[in-house]
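Chains Z and L are the protein sequences, given in the same order. Residue 57 in our numbering is what sits at position 57 of the first sequence, and the numbering runs on without skipping anything. Residue 159 in our numbering is what sits at position 159 of the second sequence, and the numbering runs on without skipping anything.
Just so you know, the hints here were simulated from the structure itself, not pulled from any lab data. Take the hints with a grain of salt, since some may be wrong.
Quick list of simulated restraints, FRET-style, between CB atoms [said to hold, decoys possible]:
1) Arg81(L) <-> Pro189(Z): 52 to 60 Å
2) Ala125(Z) <-> Leu39(L): 41 to 49 Å
3) Asn199(L) <-> Pro45(Z): 16 to 24 Å
4) Ala124(L) <-> Glu23(Z): 48 to 56 Å
5) Val183(L) <-> Asp41(Z): 18 to 26 Å
6) Ala124(L) <-> Ser176(Z): 41 to 49 Å
7) Gly56(Z) <-> His99(L): 50 to 58 Å
8) Glu74(Z) <-> Val71(L): 55 to 63 Å
9) Asn199(L) <-> Arg53(Z): 27 to 35 Å
10) Gly131(Z) <-> Trp84(L): 35 to 43 Å
11) Ser176(Z) <-> Gly56(L): 34 to 42 Å
12) Glu23(Z) <-> Asp24(L): 34 to 42 Å
13) Asp177(L) <-> Arg53(Z): 29 to 37 Å
Which stretches of chain L does chain Z cover? Using the computed rule of at least three CB atoms under 8 Å from a CB of chain Z, they are [to be verified]:
14) 1–15
15) 113–122
16) 172–180
For clarity, every value in this text was computed on a predicted model and none was experimentally measured. By construction, the Cβ of each residue, glycine as well, lies at the ideal position given by its N, Cα and C atoms.
Number of protein chains: 2
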Amino acid sequence: MPFVTSHMSISLDGFVAGPDQSEDNPIGVDGIKLHRWHLNDPKHPIDEAFTQRLLGPRGAYIMGRNMFGPVRGEWGNSDWRGWWGPEPPYHAPVFVLTHHPHDAIEMEGGTVFNFVDSFDAALAAATKAAGDRPIDVAGGASAVRQAFRAGCLNELVLDIIPVVLGSGERMFDSVSDLNAEPVEVATSPLATHIVYRIN
Amino acid sequence: MPFVTSHMSISLDGFVAGPDQSEDNPIGVDGIKLHRWHLNDPKHPIDEAFTQRLLGPRGAYIMGRNMFGPVRGEWGNSDWRGWWGPEPPYHAPVFVLTHHPHDAIEMEGGTVFNFVDSFDAALAAATKAAGDRPIDVAGGASAVRQAFRAGCLNELVLDIIPVVLGSGERMFDSVSDLNAEPVEVATSPLATHIVYRIN
């Protein structure tokens, strides 16, 4: 099996997205507050190092449908191609979890969005595609919870953001039997980065 | 004003105590999992350093009633004197928040439990008692939330424990406008300690 990792930014009260996600607010109201550490220019050197880690080369990605886009239910005539413009930052196959069939979408720079109907199918396809490079479970909360349930995660990197969102999407709801050990930590004023080894 | 600090151990899903607190389970079911880092013997050197910080000399403490003991409602004939035996680890005045009057209790080693009926009254009395030494808001979650609302906290130390409790008492519920900056961080396998300056 390839090494499976996930990297999520989370508020002090446990949210990885704000409420009311929409096309205008892809990570929900105030969700952007969780991502200033890697959107700032210039970045703090610690944040720069963890941004590089987040963007590090992967063999494949697994992503929830809500992270791919705002379309819900049937795809219909939607020509949605992701939030990231013509050349997404993935440069590898991305397996999007959806019960609604969709043809693969080939983007510039090596990113190909593939649509699969279960986490297990995504993991199998990602494993085949990744070779000996890592697989990244890119989010959102539900995809990471499915990775916990599948018992496939080797590493979780959390960026703990010193904000309280109050509502939104909690990451650890219904996760049980977590066996995690912090092995590395560093902080900037905007985020405390913790690397967990998952056993 | 004296420097006001608080030091809390919190699960990855945001709980500082488990559910069903009782005399047998003072910090709720599985709540003990949040405190292994400072109960272990021997302790990891990082955990030892933060234990010393937790036990550091204070001029006064503020504590919620549920942290003082399991008695609810009227005190009646209760002779409860805290969880900590004849010589509690505080060695200073402790102001316990309760709407039910109770005479002060003098313990060995300089700890005196005083009972006051509001956070503001506790803060005023603690300020008077502390002189130029720090005041510690010892917990639980409700007392710390009241400290946030009063705007009196200068520092919050969180021990992030790599466990998921699933239910219990959440610390940040209804806290808004948190303006916190991480200024120091260190980790052991059992806990990641983050020192926040509160602005």
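Hints versus structure:
1. Arg81(L) <-> Pro189(Z): 52 to 60 Å: violated, 43 Å
2. Ala125(Z) <-> Leu39(L): 41 to 49 Å: holds, 45 Å
3. Asn199(L) <-> Pro45(Z): 16 to 24 Å: Roughly 23 Å apart at Cβ, these two residues keep to the hinted range, so it holds.
4. Ala124(L) <-> Glu23(Z): 48 to 56 Å: Distance hint for Ala124(L), Glu23(Z) holds at roughly 51 Å.
5. Val183(L) <-> Asp41(Z): 18 to 26 Å: holds, 23 Å
6. Ala124(L) <-> Ser176(Z): 41 to 49 Å: At 44 Å between Cβs, range holds.
7. Gly56(Z) <-> His99(L): 50 to 58 Å: holds, 55 Å
8. Glu74(Z) <-> Val71(L): 55 to 63 Å: holds, 58 Å
9. Asn199(L) <-> Arg53(Z): 27 to 35 Å: Once the Cβ atoms are compared, 29 Å apart, the range 27 to 35 Å for Arg53(Z) and Asn199(L) holds.
10. Gly131(Z) <-> Trp84(L): 35 to 43 Å: violated, 57 Å
11. Ser176(Z) <-> Gly56(L): 34 to 42 Å: With Cβ atoms ~36 Å apart, the hint holds.
12. Glu23(Z) <-> Asp24(L): 34 to 42 Å: At 52 Å between Cβs, range violated.
13. Asp177(L) <-> Arg53(Z): 29 to 37 Å: holds, 31 Å
14. 1–15: It holds, with 3 qualifying residues against the three required.
15. 113–122: violated (count 0)
16. 172–180: holds (count 7)
Consistency note: the structure conflicts with the earlier hints numbered 1, 10, 12, 15.
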